[in-house]
Amino acid sequence: MKTTHFVNTETKEKKMSFIQSLNLTKQDKSKNNNPLMRKKEKLIERINEQIELAQNPAFAPIHKKRLKRTDGTIAIIDAPKRIKRWWHIGLNGKVELVIRKGNKVIELAKGKDAILLENKEQLIPTLNALKKAIAEGELDSLIQ
332 MKTTHFVNTE TKEKKMSFIQ SLNLTKQDKS KNNNPLMRKK EKLIERINEQ IELAQNPAFA
392 PIHKKRLKRT DGTIAIIDAP KRIKRWWHIG LNGKVELVIR KGNKVIELAK GKDAILLENK
452 EQLIPTLNAL KKAIAEGELD SLIQ
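In the working numbering, the protein residues as written are 332 to 475.
Hints in this document: simulated from the structure, not taken from any laboratory.
Heads up, the beta-carbon is just placed ideally off N, CA and C, and yes, glycines get one too.
Be a bit skeptical, because a hint or two may be false.
DSS-like mimics (lysine-lysine), calculated; alpha carbons at most 30 Å apart, straight line [said to hold, decoys possible]:
{"#": "1", "residue 1": "Lys370", "residue 2": "Lys443"}
{"#": "2", "residue 1": "Lys463", "residue 2": "Lys415"}
{"#": "3", "residue 1": "Lys371", "residue 2": "Lys435"}
{"#": "4", "residue 1": "Lys451", "residue 2": "Lys435"}
{"#": "5", "residue 1": "Lys451", "residue 2": "Lys441"}
{"#": "6", "residue 1": "Lys463", "residue 2": "Lys412"}
{"#": "7", "residue 1": "Lys463", "residue 2": "Lys451"}
{"#": "8", "residue 1": "Lys432", "residue 2": "Lys451"}
{"#": "9", "residue 1": "Lys371", "residue 2": "Lys399"}
{"#": "10", "residue 1": "Lys432", "residue 2": "Lys370"}
{"#": "11", "residue 1": "Lys373", "residue 2": "Lys443"}
{"#": "12", "residue 1": "Lys371", "residue 2": "Lys462"}
{"#": "13", "residue 1": "Lys370", "residue 2": "Lys441"}
{"#": "14", "residue 1": "Lys425", "residue 2": "Lys396"}
{"#": "15", "residue 1": "Lys395", "residue 2": "Lys415"}
{"#": "16", "residue 1": "Lys396", "residue 2": "Lys441"}
{"#": "17", "residue 1": "Lys396", "residue 2": "Lys412"}
{"#": "18", "residue 1": "Lys432", "residue 2": "Lys373"}
{"#": "19", "residue 1": "Lys415", "residue 2": "Lys425"}
{"#": "20", "residue 1": "Lys415", "residue 2": "Lys435"}
{"#": "21", "residue 1": "Lys462", "residue 2": "Lys441"}
{"#": "22", "residue 1": "Lys371", "residue 2": "Lys425"}
{"#": "23", "residue 1": "Lys396", "residue 2": "Lys443"}
{"#": "24", "residue 1": "Lys395", "residue 2": "Lys373"}
{"#": "25", "residue 1": "Lys357", "residue 2": "Lys415"}
{"#": "26", "residue 1": "Lys463", "residue 2": "Lys435"}
{"#": "27", "residue 1": "Lys432", "residue 2": "Lys443"}
{"#": "28", "residue 1": "Lys396", "residue 2": "Lys370"}
{"#": "29", "residue 1": "Lys415", "residue 2": "Lys371"}
{"#": "30", "residue 1": "Lys399", "residue 2": "Lys425"}
{"#": "31", "residue 1": "Lys370", "residue 2": "Lys462"}
{"#": "32", "residue 1": "Lys441", "residue 2": "Lys463"}
Distance ranges between label pairs, derived from CB positions [said to hold, decoys possible]:
{"#": "33", "residue 1": "Asn387", "residue 2": "Leu355", "range": "42 to 52 Å"}
{"#": "34", "residue 1": "Ala440", "residue 2": "Ile414", "range": "17 to 27 Å"}
{"#": "35", "residue 1": "Lys396", "residue 2": "Glu376", "range": "17 to 27 Å"}
{"#": "36", "residue 1": "Gln351", "residue 2": "Glu452", "range": "57 to 67 Å"}
{"#": "37", "residue 1": "Arg400", "residue 2": "Asp359", "range": "44 to 54 Å"}
{"#": "38", "residue 1": "Ser352", "residue 2": "Pro411", "range": "47 to 57 Å"}
{"#": "39", "residue 1": "Gln453", "residue 2": "Ala410", "range": "30 to 40 Å"}
{"#": "40", "residue 1": "Ala389", "residue 2": "Gln351", "range": "51 to 61 Å"}
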């Protein structure tokens, strides 16, 4: 037994006219796979966490954690993420701010890895300025 299928040419033409009305292009994968851009975005994300930590010392973002129960099942729970402060206040009241990439401190100039601030009130504006400098590419050679 032979089956015949009828195609509605009117709806097919409507679909084609919709696709033709769009501005089509080939996807540029180089923007998504640029390792330097990913490093910059991650560093800016970490700076945002430091700004939050400076504004609220009890700040602890939540991340998902897997725990294996005694019966063998795996439970996913929300756990606070540990954040290490990038600054400390010295005995003279001045603040030393370092920039970390992962677990390592970035050396900003030869033999110098900290930014000295007069007080804690300068911390957030300095972190915002660092964020802007990273986005503009001023620290590209240091974060590669």
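Please list, smallest to largest, the hint numbers that this structure does not respect. The structure conflicts with hints 9, 14, 16, 23, 25, 30, although it agrees with all the remaining ones.
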